[in-house]
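**Q** Letter by letter, the chains look like this.
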Amino acid sequence: MPIALLTDFGDKSNFVGVMKGVILKINPQAKLIDITHKVRFGSIKQASFLLYKSYSYFPKRTIFVVVVDPGVGSERKVLAVETKNYYFVGPDNGVLSWAVFEDGAEKIIEVKNKKYFLKNISFTFQGRDIFAPVAAYVSRGVKIEKLGKRIKQIKKIDFPEVKIKKDTLKGEILYIDSFGNLITNIKKDVFLNFVKDKKFVATLNGKKIGKLYNFYSQAEPGSPFFIEGSFSFLEISLQLTSAKEYFKAKEEDTVIIKKL
Amino acid sequence: MPIALLTDFGDKSNFVGVMKGVILKINPQAKLIDITHKVRFGSIKQASFLLYKSYSYFPKRTIFVVVVDPGVGSERKVLAVETKNYYFVGPDNGVLSWAVFEDGAEKIIEVKNKKYFLKNISFTFQGRDIFAPVAAYVSRGVKIEKLGKRIKQIKKIDFPEVKIKKDTLKGEILYIDSFGNLITNIKKDVFLNFVKDKKFVATLNGKKIGKLYNFYSQAEPGSPFFIEGSFSFLEISLQLTSAKEYFKAKEEDTVIIKKL
Amino acid sequence: MPIALLTDFGDKSNFVGVMKGVILKINPQAKLIDITHKVRFGSIKQASFLLYKSYSYFPKRTIFVVVVDPGVGSERKVLAVETKNYYFVGPDNGVLSWAVFEDGAEKIIEVKNKKYFLKNISFTFQGRDIFAPVAAYVSRGVKIEKLGKRIKQIKKIDFPEVKIKKDTLKGEILYIDSFGNLITNIKKDVFLNFVKDKKFVATLNGKKIGKLYNFYSQAEPGSPFFIEGSFSFLEISLQLTSAKEYFKAKEEDTVIIKKL
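Protein chains in written order, with the working numbering: chain A, 1334 to 1593; chain B, 1334 to 1593; chain C, 1334 to 1593.
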């Protein structure tokens, strides 16, 4: 069973490496994969999105360890969740919720059993002291019921839905990828159903977005366009240029589409 | 058989992690190695160079997956190539050519068999939907003939050769490494044969480069020098400083060496 | 036996990937873990600190390969050290010393046996040509005595100790982590013993640091505080902000604590 790691630890320090050392000390056979460690510092929403759009590509029974945990050391719970196809380990701050609800929670455990932690638990690095060893034991076959007591709910964060009012659709920027593409919360079929055969004007931060294309090379350099991206949402892109820079965009900015 | 990945995906998003998930879903035993994911966005030439100067250090039968693919979603072919010692999977845009020609192509396949792709193929992320699963199946022992039809040629990009005219040698900056060292296309023996026992003046962007040294600690701080680097070309370096900054250099800049 | 890598190679070039290729060519079973490759370029002290605060979390018999080596190609020795629980491979510039002395050196070898190197040894990339293959052979079970001749000492660098003089304690910034937290050389018990029940004023670069907290969420936004961090030293932090920026701090800056 692979263990996939998603954190906001960056790559400058030894944090991720030490978590991997801890895991291999407990399970020398563990297969470790990095999703990314460059979640924006403390951004639960960004981590939720990346987990949600990644988990289903992994082998069944993969254990996802998510450490984006601004409340580390406080009273927030530590969760281990078994869903239909996967395991998830992380803080109870909503970060697991989109993936867990999509795949379907089967068991939710509030992790409390110190037998599965490192001996000394710091207040600042529970990725190393709690999350990593817990995941390692699960990968060794420890049933998640043994980790603590069963609870009924995890903290949920709301997925930002598109708003349609008469001739106006309002969406938002969910995520900005490595290339500066702007991933919206607008599904292609929602867009096509809304626009139909009408003309439309789409804007973000006062600048226009042109047509919907099928692939990058259809576009003209310098003109922003919509494209159905790999996250299965419409993305706002420019050919070989950063749409992030062009629109001076940030996550949660509003995209407005008006039918003419 | 290890699978080595080379892309321009960066490390901020989940792209590389998802490709690895896809591979492990198909071949749970796959051994995954990153060459780098920080190829300059869309730079086929830079990726060609890094592949060319990396592949031979890997175990025989390693499968190299190269996703630097500005034409993704358009009509460019997907290639799987078996060379004397290795396998290469990538787009047919020239990125594989320097490595493939050096090692010697034995079979070139235009990959078309959807049986070896993910079910849903996006127009924007074929690293996940095509290249990763194809590599995973090859690592499981699928013969590359099964992936599509045999073709005779791959797209080739020209390796930039040194130009010598009377007392002047013109080279170019092939690559700038993590430290800011400037890797030229000038081989040490070509340089020595050209210069012989004469004095020379070497310049880049109007600034002089001094002697040829054998190792960094021979140099004086602040003075740029030539050194035979690990890519087996002459590099332009400064001790513990970035030559890139000093010369305000970029790839494809011209180095001029004149005999006096 | 895992092989853990710690370098200043960054992630833009193919250096780390090529080292891994070399290792797997010699030992296809090797389990490779990255500690970090973003040690500040040429900073032996920073690498020493990261190795020192990482190694004990790894499985026994892990082989640590440290390539922070500004003297590459010069006369500095190549070391292979067997300690009570681990192996260390790196240049003899002090980078191994804090970890090796803590764990207890059992055998120190000056590595000289070219049988365990690549055939062609460059002057600039001995991570690939010497350190990686040596580590791979050790992971295959080659006794370190076979690598060269036994020596008695390795180069040591001094750990910076806290200075206490009457009512003033002077510490220094050992390390700045990915989040901009400032790790000092002050242990919590040293601090508590010094301050006792008195009030104190703590400053760094002319700005004040407030209370000692147990976890981040106790602090008020915008106010810097001390916290016992995961490196088991006091750290200077701000809630969800970079203390590095706030204090314009760099490594080796002095922290002054005065009892009132």
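Worth flagging that the hints you see were computed from the coordinates, not collected in a lab. Worth double-checking, as some hints may not be accurate.
Treat identical chains as interchangeable: a pair holds within one or across any two.
[Stated by the list, open to error] In silico DSS-like pairs for lysine-lysine, Cα to Cα no more than 30 Å straight-line:
1) Lys1345 x Lys1541
2) Lys1503 x Lys1482
3) Lys1503 x Lys1541
4) Lys1447 x Lys1498
5) Lys1482 x Lys1520
6) Lys1489 x Lys1529
**Q** Okay, which hints does this one fail, numbers in order?
**A** 2, 4, 5, 6
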